[in-house]
Amino acid sequence: MTAAHTLPADQQRLAEDIYRLMVAQGAMFAVDTPIRQTLASLATFLARREGRDRAELEAAIDMALSADSRFTREVVDGEVRFVTTRQGAYVPREGADTHSFKQRLHEPENPLPIDDISVVVSTSRPAITTVEPVYISDYWQVQLAAPSVEGETEAVAAPEAPAPVAEAIVEEAPAAPEEAPITVEEEVSEPAPAVLEMPAPAPVEEAAPEPAPAVLEMPAPAPVEEAAPEPAPAVLEMPAPAPVVEEPVPVVAPAPRPVQPPRSTVFTLDDATAIDLRRPVDEIMAEHGDLLAQVLAERLEHDPLQRIVSFGRKYYPEANLASFGKNDLRKIRDYILERNEPLLDTEIIADLYYHNPRQADYEGFRFSLNYRLHREKDFEFVGVEGAYLWATRGLTITSGKRLKAAEMGQITSYLVEGYDDSPELQSIEAVRQSGSVTRLLTFFEWEYGVLPLDAGLAALLPPPLLPEQRSAVLRFESPQHFTTYLVEVRFPAGNRGGWLQGLEEFFHEHMVPGALITITRTGEPNVFHVVYEEGSEQTERLLTFDEKKNRLAFANVSFFCVVDEDQLPTQSRYGRLNRLKAFPMGERRKAELMLEHVSETIGDQVGTPAEPRYAVTLDDLYVAFNVLRPGSRAYLKALLERSEDFTADESTPGLYYYIPAPRTSAEEVEEEEDESLEERPPLRQRYGRYDEDE
Amino acid sequence: MDAKVIVFGETAIDRLLQWLRSTGQPQDITDLVRQYLEILSKAVREENE
Numbered sequence: 001m002t003a004a005h006t007l008p009a010d011q012q013r014l015a016e017d018i019y020r021l022m023v024a025q026g027a028m029f030a031v032d033t034p035i036r037q038t039l040a041s042l043a044t045f046l047a048r049r050e051g052r053d054r055a056e057l058e059a060a061i062d063m064a065l066s067a068d069s070r071f072t073r074e075v076v077d078g079e080v081r082f083v084t085t086r087q088g089a090y091v092p093r094e095g096a097d098t099h100s101f102k103q104r105l106h107e108p109e110n111p112l113p114i115d116d117i118s119v120v121v122s123t124s125r126p127a128i129t130t131v132e133p134v135y136i137s138d139y140w141q142v143q144l145a146a147p148s149v150e151g152e153t154e155a156v157a158a159p160e161a162p163a164p165v166a167e168a169i170v171e172e173a174p175a176a177p178e179e180a181p182i183t184v185e186e187e188v189s190e191p192a193p194a195v196l197e198m199p200a201p202a203p204v205e206e207a208a209p210e211p212a213p214a215v216l217e218m219p220a221p222a223p224v225e226e227a228a229p230e231p232a233p234a235v236l237e238m239p240a241p242a243p244v245v246e247e248p249v250p251v252v253a254p255a256p257r258p259v260q261p262p263r264s265t266v267f268t269l270d271d272a273t274a275i276d277l278r279r280p281v282d283e284i285m286a287e288h289g290d291l292l293a294q295v296l297a298e299r300l301e302h303d304p305l306q307r308i309v310s311f312g313r314k315y316y317p318e319a320n321l322a323s324f325g326k327n328d329l330r331k332i333r334d335y336i337l338e339r340n341e342p343l344l345d346t347e348i349i350a351d352l353y354y355h356n357p358r359q360a361d362y363e364g365f366r367f368s369l370n371y372r373l374h375r376e377k378d379f380e381f382v383g384v385e386g387a388y389l390w391a392t393r394g395l396t397i398t399s400g401k402r403l404k405a406a407e408m409g410q411i412t413s414y415l416v417e418g419y420d421d422s423p424e425l426q427s428i429e430a431v432r433q434s435g436s437v438t439r440l441l442t443f444f445e446w447e448y449g450v451l452p453l454d455a456g457l458a459a460l461l462p463p464p465l466l467p468e469q470r471s472a473v474l475r476f477e478s479p480q481h482f483t484t485y486l487v488e489v490r491f492p493a494g495n496r497g498g499w500l501q502g503l504e505e506f507f508h509e510h511m512v513p514g515a516l517i518t519i520t521r522t523g524e525p526n527v528f529h530v531v532y533e534e535g536s537e538q539t540e541r542l543l544t545f546d547e548k549k550n551r552l553a554f555a556n557v558s559f560f561c562v563v564d565e566d567q568l569p570t571q572s573r574y575g576r577l578n579r580l581k582a583f584p585m586g587e588r589r590k591a592e593l594m595l596e597h598v599s600e601t602i603g604d605q606v607g608t609p610a611e612p613r614y615a616v617t618l619d620d621l622y623v624a625f626n627v628l629r630p631g632s633r634a635y636l637k638a639l640l641e642r643s644e645d646f647t648a649d650e651s652t653p654g655l656y657y658y659i660p661a662p663r664t665s666a667e668e669v670e671e672e673e674d675e676s677l678e679e680r681p682p683l684r685q686r687y688g689r690y691d692e693d694e
Numbered sequence: 001m002d003a004k005v006i007v008f009g010e011t012a013i014d015r016l017l018q019w020l021r022s023t024g025q026p027q028d029i030t031d032l033v034r035q036y037l038e039i040l041s042k043a044v045r046e047e048n049e
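Line by line, the protein sequences are chains A and B.
According to the working numbering, the first sequence holds residues 1 to 694 in order.
According to the working numbering, the second sequence holds residues 1 to 49 in order.
Read the hints as simulated data drawn from the structure, not as lab findings.
Glycine included, C-beta positions come from ideal geometry on N, C-alpha and C.
Take the hints with a grain of salt, since some may be wrong.
[As the list claims (entries may be wrong)] Incomplete in silico selection of chain A near chain B, CB under 8 Å:
(1) Leu277
(2) Ile284
(3) Ala286
(4) Gly289
(5) Val295
(6) Ile308
(7) Asn320
(8) Arg393
(9) Lys549
[Unchecked claim] Quick look at which bits of chain A chain B covers, simulated, 3 or more residues with Cβ under 8 Å:
(10) 10 to 24
(11) 264 to 272
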C-alpha cells in the first residue's frame, strides 16, 4: 500500500487496481522480478472492462502510475511501459551476481586439492560405501571467510590512528577488570542509554571510564570501546585521541520519533457509504450487512483469480473444490433420467457417491457438486434455498405440453406491467404471516392446470436462488387425497410474467372452475399443501373444452367442492361462453383482440344490425376473458379505458358498451366471402384461425 | 493499515481466504462478511496501536 496519497482517490484506486492486475500476472515470478506492461495494453484492457474512453483512460493511467512509487516508467521505442514487482517498486539487480551456480562450480578454473577433510562435501548419498568426495577449492574457503573477515573488520576499518591506541591500552592494561567485557557488550548493544546517562561534560579523568561519547564520535568505535573500562591513567596516556576525549562532546539526544497522525479507521464504499471499523461488527452488520454482502459478492465474482467461488449464498475456496469428471456428469445425468424427476443434490451424493453427511468433507463435497453442475449446460438448477434440485437435458418435469413457455410468459406479462391486483384480495403481509394463499380458480387455470405467479403467490413461494434461474420445481401435496404433484414455477423475467404449471390433473379430478383453493407452506422449503373446501355433490352443466374438436362446449359435470357461484361457468348463467373461439395460444397473447372478441360474444346487442353495440358488465367480462387467457380485473379495466371502442356507462358502475370499429372495405369483402362460405363447412374465420370443425 | 486505502472486497482478501480454508466448509455470505469485517478491523487496530 504505497500508493501516492497525494493523488486523487480515483487515481489511487486506478493505480491500486493496475498493481493488483500486474501482480496477478506475475504471480509466479520472483518477488523482485520486473513485471512489465505497456501503457497501451493497460488502457485497452481497462477501457474494455470499464467501458470508458481509451484515450482518456490512457492519460489517467499514465498520470496515476507515474506518481505511484511502486511503478517505474520506461519508454522503449516510443512505447511507454510501466514496471513493477511483487514486492513493490522495481529495483534493478546489481551487475555482480555473487550467487551464480556456474561461477561456484567453475571458479577457479582448476580447483586446488584440499588438505582439510572438513571441506569435503558430498552432495548425494553414495550407492556404495566408497565415498567420492567433491573437492572444494580453497577459493571457497577464502570466499566463505571473506564476509566474516569483512564483518569483523567493519568495526575496525577505521582510520589507523585509533588502532595503536587500542592496542596500547590493551597492552598497558592487561589486567583489566573482568567486568570490562560485560561493559563493552552493554555499551555496544545499547550505546544510546550510555550517552543519555551522561549528565554533563565530564572532566578528563571521569571521561575515561565512560567513553560513550567517544564511541559515538570516533569513527572506529571498537578500539575505543575496549578502552572504555580502562582506568583513567591509561586514557591519559593516549597520544592521539586524548584531545578528542578531553573535549567532551555535547550530549546529543536521539531525535524524537516523529509523531504520526492517527490513521483513519473509516473506509468508504463505491456509493460513498462510510463505515467506521472502530464500531462493533454486529452493529455494522445490522446497518450495512446487506450492502456489504452485495459488494463483497460482486468483488469475489469479478476476482480474476477466482479464489473464492460461490453457489447461491454459500462461498468456498476454489482450491478446495472436489473434481468431477465427464464420467461423473454422465452418471449423474443418467441417474436423473432414470428417476424421471429432478433430484436433490443430497440424493445424488447418497445414491451415487455413498457419502455420509457425518463425514467431515461432506459439505465441501456437496458444494463442489452443486458448483460443478451449475457450470454444465446439460444440467439445470430447479431448486430453492434449502432444497437444491437438479434437472437435466431431456427430462420432462411437468406435462405442460399444451402451453409454450414463451407464450405463457407473454400472456402473464400483465403481472409485471403493474396490473396485479392480488394484494387487494389478500395482503402480502397476511400471506407471509399466515403462510397460505387462497384464490378462486378461473376456467383457464382449471383447464390448463396453471396459476399466474401474482404477488400473493410470489410472497408465499420461495424466490429463485440463483440470479439467472428460470424455474423451480416444487412438490404440491394434497392431504385430502394423499396425492403429490410436481409443480414447476416459472419465474418472471424481464417483461414476461411468471406462472405455476403442473396442477392440471389435480384440478380436473377434484375441482371445477370457481372452486376455492388454498396453498400452504410446510416445513420443507420445496413442499406445499394444496387443499380445497369439500362440499356436497352438485351436478351442473359447465363449460368444458373439447381438445379433440378444439371447441368449447357445455357438459354435465358432478363435483364435490365449494364454489363461488359467480365464477362458476354454468350454461344457465354464461350460456354464450361456448361461442368463444378456442384461439391458439399465439393469438391469445393479444389481449385487446381477446377483449373485443369476448365482448362481442357474450355482450348484449343493444344497437342495430348496421351499427352493433354490445353491453357487457365487468364481472361477465372477467369470467369470459379468463376462459381464453388469464387477466386480472385491474388489467381488464386498463384495457377498457385504453380502447376507444369501449365506453363506460356512467349511470351503471361496471357496465361497458362496446362499439366495434367500422371495418375497412377489404375486411368487409373478406367477411362477405366468409359469410358466403358459412353454408358450407367454414374454412377460415376472423383473426386468421381455422374453425373448430376443421 | 490506514482504512482510507481499504478497497472492500479486495484488501486483505487473502486473509479471508485463509480463514475460509481453515473452516473446511462452505460459508454463508453473511458469515463471510462478518469475518471480513473482523479482519479489516483487526488490521486497522493493529496499525494504530
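These are the hints, each one checked on the structure:
Against a cut-off of 8 Å between C-beta atoms, the interface hint on Leu277 (chain A) holds, since the closest Cβ of chain B lies about 4 Å away. Look at Ile284 (chain A): its Cβ gets to within about 6 Å of chain B, closer than 8 Å, so that hint holds up. A hinted interface residue such as Ala286 (chain A) counts as satisfied when its beta carbon comes closer than 8 Å to some beta carbon of chain B; here the least separation is about 11 Å, so the hint is violated. Residue-level restraint check for Gly289 (chain A) holds (minimum Cβ-Cβ distance to chain B is 6 Å; threshold 8 Å).
With a least beta-carbon distance of about 6 Å to chain B, the hint placing Val295 (chain A) at the interface is held under the 8 Å criterion. A hinted interface residue such as Ile308 (chain A) counts as satisfied when its beta carbon comes closer than 8 Å to some beta carbon of chain B; here the least separation is about 6 Å, so the hint holds. Residue-level restraint check for Asn320 (chain A) holds (minimum Cβ-Cβ distance to chain B is 6 Å; threshold 8 Å). Taking 8 Å as the C-beta contact cut-off toward chain B, the hint placing Arg393 (chain A) at the interface is violated, the least distance being around 27 Å.
About 55 Å separates the beta-carbon of Lys549 (chain A) from the nearest beta-carbon of chain B, more than 8 Å, and the hint is not met. Only residues whose beta carbon comes within less than 8 Å of a beta carbon in chain B count, and the segment 10 to 24 of chain A has 4; three or more means the coverage holds. Counting residues of the segment 264 to 272 of chain A whose CB falls under 8 Å from any CB of chain B gives 5; the rule of at least 3 is met.
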